[in-house]
Amino acid sequence: MGYYGIFKITGRLDVREVIQVSRLNGFPFPFTKDQYTYSNNSVPLDPAKTITVTADYKNELELKRKLLQKHHHRCFRSLPLSMESQWEIMLLLFNELASCNPESFTFQKKGDECLFQNHLLEEEEAFVFRDVSTIALEPLDLVGRHVQEDLILMGDRHNGLFLEAGQLCFPSNWSLAFVQGMEFKSIHNPVPGIQNDGFIDKVERFISKIRPGTVWERKNWSITVTNMLDTPLETYSVWGKHRQEVTCENAGDLIHLRVEVQRLFRLPMNHDVLFTIHTYLLQLNDLIQQESWFKSFYQNIKTLPEEIAEYKGISTYRTELIRFLENHMEKERRGQ
Amino acid sequence: MRPILILSEVRFKKDGLKEKELQKENGSSVELKLIDSPVDRKKIEQILKDKPLGTMLILYTGGAARKRIRRAANSAGFSHEDVRIGKMDTGTYCIFCSQCHRINRTASLEKSIICISCGQHLEPSNHYSSFQDAYLGYPIL
Amino acid sequence: MAYTLQLTVKKIEHETDTIKKFTFTSDEIPLPPFGAGAHVTLHLPMGKRQYSLVNNPLEMKNEYVIAVKKISDHNGGSGYLHECIGQGDNISVSPPDNFFPLRTEAKHHVFFAAGIGITPFVSMMAYLKTIGRSFELHYAASGERECAFHRHIQNHFRSKSTFYFMKREEKIAKLKKALQNRTMGTHIYLCGPPAFMDILLEHSHKLRYPEKFIHEEQFQPAVLIENPQPFFVNLVKTKKTFMVSSGQTLLDALHEIDIYVPYTCRMGVCGTCEVEIEEGDVVHCDSFLTEEEKVGNMLTCVSRGIGHIKLRL
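Protein chains in written order, with the numbering used here: chain D, 1 to 336; chain Z, 1 to 141; chain U, 1 to 313.
A couple of the hints might just be wrong.
[Stated by the list, open to error] Here are the simulated distance ranges between beta carbons:
| # | chain 1 | residue 1 | chain 2 | residue 2 | range |
| --- | --- | --- | --- | --- | --- |
| 1 | Z | Asp36 | D | Glu122 | 54 to 62 Å |
| 2 | U | Pro193 | D | Glu306 | 54 to 62 Å |
| 3 | D | Glu124 | U | Thr130 | 25 to 33 Å |
| 4 | U | Thr130 | Z | Ser75 | 19 to 27 Å |
| 5 | Z | Ser117 | U | Thr41 | 52 to 60 Å |
| 6 | D | Leu120 | U | Phe99 | 34 to 42 Å |
| 7 | Z | Leu22 | U | Lys212 | 18 to 26 Å |
| 8 | D | Gln69 | U | Tyr3 | 40 to 48 Å |
Hints are computed from structural coordinates only; laboratory data are not their basis.
Glycine included, C-beta positions come from ideal geometry on N, C-alpha and C.
Take these sequences, add in the hints, and give me the full structure.
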C-alpha cells in the first residue's frame, strides 16, 4: 500500500471524517479530469510492483478459491504454449509477495528447490522450479490463489499479442472462456470507439514495446449495481437484472464504483506480458462523503458519451443515478 | 507469390476448384486437397506437415472441421493471418453461449436463439473469436 | 530502466586470441533475470556499449557473462575492456534489455551466425536445450582458431551445429543452401556483420520467406539530443507562435500557452502526446512512432523541431 496516497485530509478533522478516512483510504479513485476521455492513460510504476496486498486479503482469497473450486473451467484457462511464462510468473509473484510483505510471506529458492510460506493463511507451497510433477495445479493457477489480483498472460508472438492463459475470478462482464486464444485486438472489439484512428493498434504497439522488468499502471472504472466482485458474463442473468432496480432513492446503497487497477509487466525471461487486475469497490454512499470525488464522479457520469454508458452498463439507470447525485448536491447546498 | 494450399471439404469442391484456378492465374503454386468430413485430425496434421515456409492456407470448410483445421494449422506453425477462409456459403454460423460455453449453430446472426444446452435466450453479436470460430452470444434477460 | 547495477568483474577468460569472456557478479544484490537474446549496457569512460549475454537464463547464478571481440585500441569500448579491465574491477551496468527475443511459438529455430555474432545464440541454444525445443546452428568464422565458443558448441550442441570455415565464395554458397527448403513453423535468426546479414536477407527474400519469420537484432538506440537548441513553433489552427527554449520540451511549451496536449509517460513510449506536423524538420527521439508516422507526426514530450516548424494545432 502507500502508493495510492491520493486521499488528502485538509483542514480540521472531526470524528465523522476519521471514519471516512478508514473506508476511503487506499481506494484508487480513477478520475483525474472532470470530463470523460478515453486514452492510453498508463503511467510507469517505480518501484515496479505487479501486485498489492490490502486489508481485504483474506476475504477476497476465500472468495477467489471458492469460485475456482466451483467454476474452474470458467475461472482458469491456459494454452500449452504458456507454460514457461506461467512458471516465470509464479516465481515473480512469490518473490514480490515476500520481498514487499516480509511479515506475511516468505520465499526461499535454493537452486530450483523453492519454498513459499503464506503466514496470513498459514500455508506453504514447496515445489521444484519447472518440474510439473511437484505441483498439483498449473503454476498460474497456483500462484493466483495467493494474490488478490486476477492474472492474465498475453503471449508476445511474432504476429501480435494473444491471450494465452488467465486466472480470472472477478471480471467485469466478460468471459475468459470466450477470449482465450484471441488476439489482443479482437478481444477489444466490443469497446465502442476503440477502433477509431487505429487507437487499439497504438495501445497494442505500446504494450508490445514495454521493456523487460518495467511495470505500467492504468485505472479502469465501471459501475456495478451489486457489491459483488465476481460479475462474469457467465452469470449476467443473476447480477445483471439488478440494473433495473435502481431508483434515485436507493442508488446510494445499490450502486458501487468499481475500479480495476491494471498493471502491465514484461516478463524478462520469456518476453511475454503479465497483466494483473486488482478490483476495488466503493459504495456510492461512501464515495459522496468525499466532496472532490463526488464532484468529479458527477461530472464524469454527466459527460459520458451514450455508447460508453451503454458499454459500461450504465444506460439503464443513468437518469436515476444523476438525479440521486443532484439531490445530494442540493442537500449539501442547503445544509451549508 | 507465396505457395498456396487449399483444403476443401468435398461439399465445397466447386468453390475450392474455382479458388485454385484463380490463384494459378495469379502465378502461385497451388495445391488443392479434398477432405472428408468429419475430418480426421491425424490426417490433417499429415497434410499440414512440412509445407514450404511462407505457405498460405485457404479453407473451404465449415463448422467443427474449420476450427479443428485452424488449430492444427496454428500448431504446425501457420500464423493467424496465414490461414484464410474462402468465400463459400456454409449456411450456418456458430454462436458461443456466454452462459454455458456451448457452441450453437444458427442460420442467421440477426435472430436471437435459445441455447440447446442451458436454454438461455441469446443475442448473437459481431464479436468473433477465430480461436473458437464462433460469435459471442449475449444473454437476453 | 534508468537505474544501473554496480558489478564486479569475477572472471576474465580468453575465448580466442581476440575475444575475451567477462563474468560480472555482485555480492550485494540479486541480479535481475533476463531472457535468451538479451544484452546488457556497460557504462564505460568512452560511452555506453551493449553486449549480448551468453549465459543460460534458466541457469543464471547471479552472473552476467559477455564475450567481447577486440576491434579497437583502449580508446574504444572493446579495447578498453580488453586492456584496462581486470579481475576484481568494478563496472556500472544497466539491467538487461532484449531486442532479440526467441519466438517461442516456433516449431524449429534456425540460427545463422558469423564471427562474434554468435553471442546471442549461445544463450538461446542453452535455453532451448534446457526446455527441450528443436534448433540448429549455422556458424561461419574465418577458422577454428578464430571461432569463439567452438569447443563449447562442440561439447553441448554438436549434433545441431554446422561450422563454415571455408573460403568466402564457398561459404556463401553453402550458407545460402542451408537457408533453402525451410518449412512452416521455422523461425530464422541472423546475427553477424552487415555484409553477412545482407546476403542472407536477400536470399530469404528470393526464397519468398515472409519477413515475419526472419529475425535480426533490432537495437533501438535512444536518440538523446546532447545539446538541445531552441526552435520556433507556429500553430496553424490556433494561430499562435512561440519559442521552445533549449531547456524546455515542446509539450511544456504548449502547456505554458494553454494549448492542452494530453500526455502520460513523458518518455516517448506511450504515444499519448502525438501531434501532427504541417511543415518543418523534426528530430524524432521517441521509440513509439513508425517510420511512416514520423513523416507527419511527432511526440511532443521528447522530439524537437529544427529552426522553425508548423504544427496542426
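**Message:** Taking 25 to 33 Å as the stated bounds, is the beta-carbon spacing between D/Glu124 and U/Thr130 within them?
**Reply:** 27 Å, holds
**Request:** Could you check the hint for me, namely that D/Leu120 and U/Phe99 are 34 to 42 Å apart, CB to CB?
**Result:** With Cβ atoms ~40 Å apart, the hint holds.
**Distance restraint hint 40 to 48 Å, applied to the beta-carbon atoms of D/Gln69 and U/Tyr3** = 42 Å, holds
**Item:** CB-CB spacing for D/Glu122 and Z/Asp36 relative to the 54 to 62 Å hint
**Value:** 58 Å, holds
**Asked** For the pair Z/Ser117 and U/Thr41, does the Cβ-Cβ distance stay inside 52 to 60 Å?
**Response** Once the Cβ atoms are compared, 56 Å apart, the range 52 to 60 Å for U/Thr41 and Z/Ser117 holds.
**Prompt:** Taking the CB of U/Thr130 and the CB of Z/Ser75, does the distance hold inside 19 to 27 Å?
**Reply:** With a Cβ separation near 22 Å, U/Thr130 and Z/Ser75 satisfy 19 to 27 Å, so the hint holds.
**Request:** Hint says 54 to 62 Å; check whether the CB-CB distance for U/Pro193 and D/Glu306 agrees.
**Result:** 59 Å, holds
**Request:** Given the hint of 18 to 26 Å, check if Z/Leu22 and U/Lys212 actually sit that far apart at their C-beta atoms.
**Result:** 25 Å, holds
Violated hints are absent here; each numbered hint is respected by the structure.
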